[in-house]
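Here's the letter readout for the chains.
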Amino acid sequence: MSWVPHTDADRAAMLAVIGVDSTDALFEAIPPEARLQSWNVPPGLSEMRVRALLGELAARNDTGRVSFLGGGYYDHYIPAAVDALQGRSEFYTAYTPYQPECSQGTLQAIYEYQSVICRLTDMDFANASLYDGGTAVFEAATMAARVTGRRRVVCHPSLSPTWRAMLDTHTAHLDFEVIDGDDPAGAACVIAQNPSFLGDVVDFEPLAARCREAGALFVLSVYPVSLGLIKTPGEMGADIAVAEGQSLGLPLGFGGPYLGILATRKAHVRKMPGRIAGVTGDAQGRRGFVLTLQAREQHIRRAKATSNICTNQALCALRALIHLCLLGKEGLREVAVACHSKAEYLKSKLAFARVLNEHPTFNEFVVRLPRDAREVVARLRGVGYHAGLPLACVGRGEANDLLIAVTEKRTRAELDAFVAALEEVACS
Amino acid sequence: MQLIFEKSVPGRRAVRFDALDVPEAGLPETLRRREAAALPEAAEIDVVRHFTHLSKRNFGIDSHFYPLGSCTMKYNPKVAEVVAALPGFAQLHPRLANAPEYEDAVQGAYALIYGLEALLAEIGGMRAASIQPIAGAHGELTGALLMAAYHRDRGNAHKDTVLVPDSAHGTNPASAVIAGFHVVEVPSCAKGFVDFEAMKAALGDHVAGVMLTCPNTHGMFEPEVREIARIAHEKDALLYYDGANLNAIVGQCRPGDLGFDVMHFNLHKTFATPHGGGGPGSGPVGVGERLLPYLPGPRVVKREDRYTLDTPEKSIGRVAAFFGNFLIAVRAYAYLRYYGGDGLRGMSRDAVLNANYVQARLEKAYQPAFDGRCMHECVFTGARQAEKGVRAMDIAKALLDRGFHAPTVYFPLTVKECLMIEPTETESKETLDAFCDAMLEIASLVDRDPDALHAAPVTTPVGRLDEVKAAKDLDCACR
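Protein chains in written order, with the working numbering: chain A, 19 to 446; chain B, 12 to 490.
Looking at chain A on its own, in the form it has when it is part of the complex:
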């Protein structure tokens, strides 16, 4: 099977122009002893068989449960127009806008994406995207090191253990000291997360002020949908805002592709990683958009670049932009209110379990159940629920602790039924 258009007659005509007898002659540069003799790649399948095969694999995944899973990735409603517009092949079959005149669609979309991110976070500059929430935390840490000339990175306990682990992997061979805590003394940055991994919503303005006094940057990782309601990184005094952008119109997709969001203050824009689109004009005075500040990037600076990032998540950023345009100013607030209100409603019904959060929460919280949370989720799966994330599975909390997330997709009837099912399983 093949998506190659050539007929044998085409190939023969082309070989004649090249002046060789067969395609084999074009591979003479490969040493004969290195040529592949045989390999274990199965024969091709028709398109119909490929669809059937992938359909069977998809059917072996269970997405039909009422879900309370979160932990940084949330099951929000995605308007139909997001898929329809992202599916325009002029967007998805293009590449990085190296030739701006024939890429104005992509470039203007990047500019508009940067604009909505700045408006959402109350920051001055956003880049065109990073890979995901975890790599955005890493890029923020190295950016803070460039700005401050310091090598210590302090991770506040609010930070996701998943992203904390990714930070360790990525900095393993850099001369960095990555520690846990909240002391900005001598640090390049303190990285906090709001709401915290466990769901707590905190005003980090005092910590941001302490960072400023100590000459450290304050990096705040946020949940974009929560910013429909919650005080922004800009209002709290963050120097760098990062986020996992999945909640802005990206399907859960078993982990990706997602979207790394990074925004900062004007003072630090030249130390920012990633691509940036800016406004300019042509000779006739027409407004146009180009990639700008490229002298920071790997294709020019090579070993001295601000990051190695090249291909990023442009199509995911486009989805996030379209999603935010469809929600609009009032829609984003409504979604945030619905998530928060439904989570509060569920919390109020869980009299048989203890809510552990000491601060207000947005749409996610931890309960300590009367029995092992892993047993509870196993049994609830049997009656139609993905009940949440047992915290012990990510190295946090105790065996009986369960992290529960609620989005606007959950109805009151589902919440009531879940309360009854959870009580029955957890207390029996």
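Worth double-checking, as some hints may not be accurate.
Lysine-lysine pairs mimicking DSSO-like chemistry, simulated, CA-CA at most 30 Å apart [to be verified]:
1) B/Lys483 - B/Lys440
2) B/Lys440 - B/Lys67
3) A/Lys284 - B/Lys18
4) A/Lys322 - B/Lys427
5) B/Lys440 - B/Lys427
6) B/Lys211 - A/Lys322
7) B/Lys67 - B/Lys483
8) B/Lys399 - B/Lys427
9) B/Lys67 - B/Lys18
10) B/Lys375 - B/Lys399
11) B/Lys480 - A/Lys289
12) B/Lys483 - B/Lys427
13) A/Lys284 - B/Lys480
14) B/Lys202 - B/Lys440
15) A/Lys322 - B/Lys67
16) B/Lys18 - B/Lys480
17) A/Lys284 - B/Lys483
18) B/Lys399 - B/Lys18
19) B/Lys89 - B/Lys440
20) A/Lys322 - B/Lys202
21) B/Lys325 - B/Lys375
22) A/Lys322 - B/Lys246
23) A/Lys322 - B/Lys480
24) B/Lys483 - A/Lys289
By construction, these hints were calculated from the structure, which means they are not laboratory data.
Keeping the supplied structure of chain A fixed, place chain B upon it in accordance with the hints.
Same frame as chain A, but now just chain B:
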């Protein structure tokens, strides 16, 4: 064209939600944002028209030949989009991978990951592969971190340097630096290969690894690649294969058989997943025997007829939160199963045929950068045209007016006025002929009417844009 913000009308709405069916809860005043984010206020049709109009201001593969060298802009099959959208993949929550109690819910996804990693390892001649790295450069970084972990484990503290040819992609040195290495550049020789004597001289005891692209960015297969592997291994240095140009050799030879210890794949190049206007890509790594214990974890493993997770003994840890860009992996898996072994071998053959055809048709009008036949891309220098005042950039812009995306220009940095053309195997002879005709016509204008080329493009929504002004007046957000 107006910005979406300039079309915003206060009070206008697109999507609407159910009325709240629980009591409205509130957060304390001190935790709330002061005013709502100033997102656009628009009806659904406003948003749909805006982005539809924006899309029309783009070239894409579906509408235009897109011969960007080193980017492998081949046709992105529609069936891959359809299967990636299946709810069983698209709606699968990644935290299901964190609790063994949910393992039954993700067996299909694990089977796909296991199957894809096995196929990639076979194609690369590697022992195993990991789909965790999120993009090509992230795969390079992962590979460099694997090399660093190997040397740290063996107590090779003196091995602090990675050798990179001057023709390499900028991501190679940039990635090696993040893995803690110094980078030393090795020059190319006049034939377009890495200078073997210079490589040999540079390959001292302090060298931890050598990063090679093969075929290299000059479109040439490195003739001494096996010898470089041999002398690198003598010094306990590892050989890294940058998979950017893998499309040329799939099924003809394998990096592992050539002596490479570690490689990355660009699923968005070789295996036709869409480039998305600049991502999402996917950059799985493959490793040979030496680096197997260090692979990112956790990994999908098969125990009897069930799939589960396990973390290699000396794993470098997570480079992604879960399994990288999983939905891109789904597309690549569909592509690989469609082509199969014979299809893939034919794919690389036609990719190389197409590039050589373009080279043969253009080599009288444009000076090939190096002698001899090319592999999957042909590289010309526009130096002859530049002497007459027509730069590679002018040729690129003139192509846009003729309905073709431009080749890669000014890369690699080793070639003056570089024009790097990668047609890929999915383009027909008719398309290649039309493109070559346009290139030849442009070459003829260099003498006859160079000003027409300087004025290009005139058919695009905007003419040449002032990049200096963009950097000077820095306006990167409409606030």
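(message) So if I understand the rule, the pair passes when the alpha-carbon distance is 30 Å or less; does B/Lys67 with B/Lys483 pass?
(response) holds, 29 Å
(message) With the threshold set at 30 Å, check whether the alpha-carbon distance from B/Lys483 to A/Lys289 stays at or below it.
(response) With a Cα-Cα distance of about 16 Å, the restraint between B/Lys483 and A/Lys289 holds, given a limit of 30 Å.
(message) Please verify whether A/Lys322 and B/Lys202 have alpha carbons no more than 30 Å apart.
(response) holds, 28 Å
(message) Between the alpha carbons of B/Lys211 and A/Lys322, is the straight-line distance 30 Å or under?
(response) holds, 25 Å
(request) Given the hint that A/Lys284 pairs with B/Lys483, test it: the Cα-Cα distance must not exceed 30 Å. (result) holds, 14 Å
(request) Decide if the proposed pair is consistent with the structure: B/Lys375 and B/Lys399, CA atoms, cutoff 30 Å inclusive. (result) Roughly 17 Å between the alpha carbons, so the hint for B/Lys375 and B/Lys399 holds.
(request) Take the C-alpha atoms of B/Lys440 and B/Lys427, compute the straight-line distance between them, and say whether it is at most 30 Å. (result) holds, 29 Å
(request) Sort out whether B/Lys67 lies within 30 Å of A/Lys322, counting only the CA atoms. (result) violated, 37 Å
(message) For A/Lys322 and B/Lys246, compute the direct alpha-carbon distance and say whether it is at most 30 Å.
(response) Given that 30 Å is the threshold and the Cα spacing comes to 27 Å, the pair holds.
(request) Below or equal to 30 Å on CA atoms is what counts here, so check A/Lys322 against B/Lys427. (result) Answer holds: A/Lys322 to B/Lys427 is near 23 Å, not above 30 Å.
(request) Please work out if B/Lys440 and B/Lys67 have their alpha carbons no farther apart than 30 Å. (result) holds, 26 Å
(request) Given the hint that A/Lys284 pairs with B/Lys480, test it: the Cα-Cα distance must not exceed 30 Å. (result) Judged against 30 Å, a Cα distance of about 18 Å means the pair holds.
The structure fails to meet hints 1, 15, 18 and 21 from the earlier list, while all remaining hints are met.
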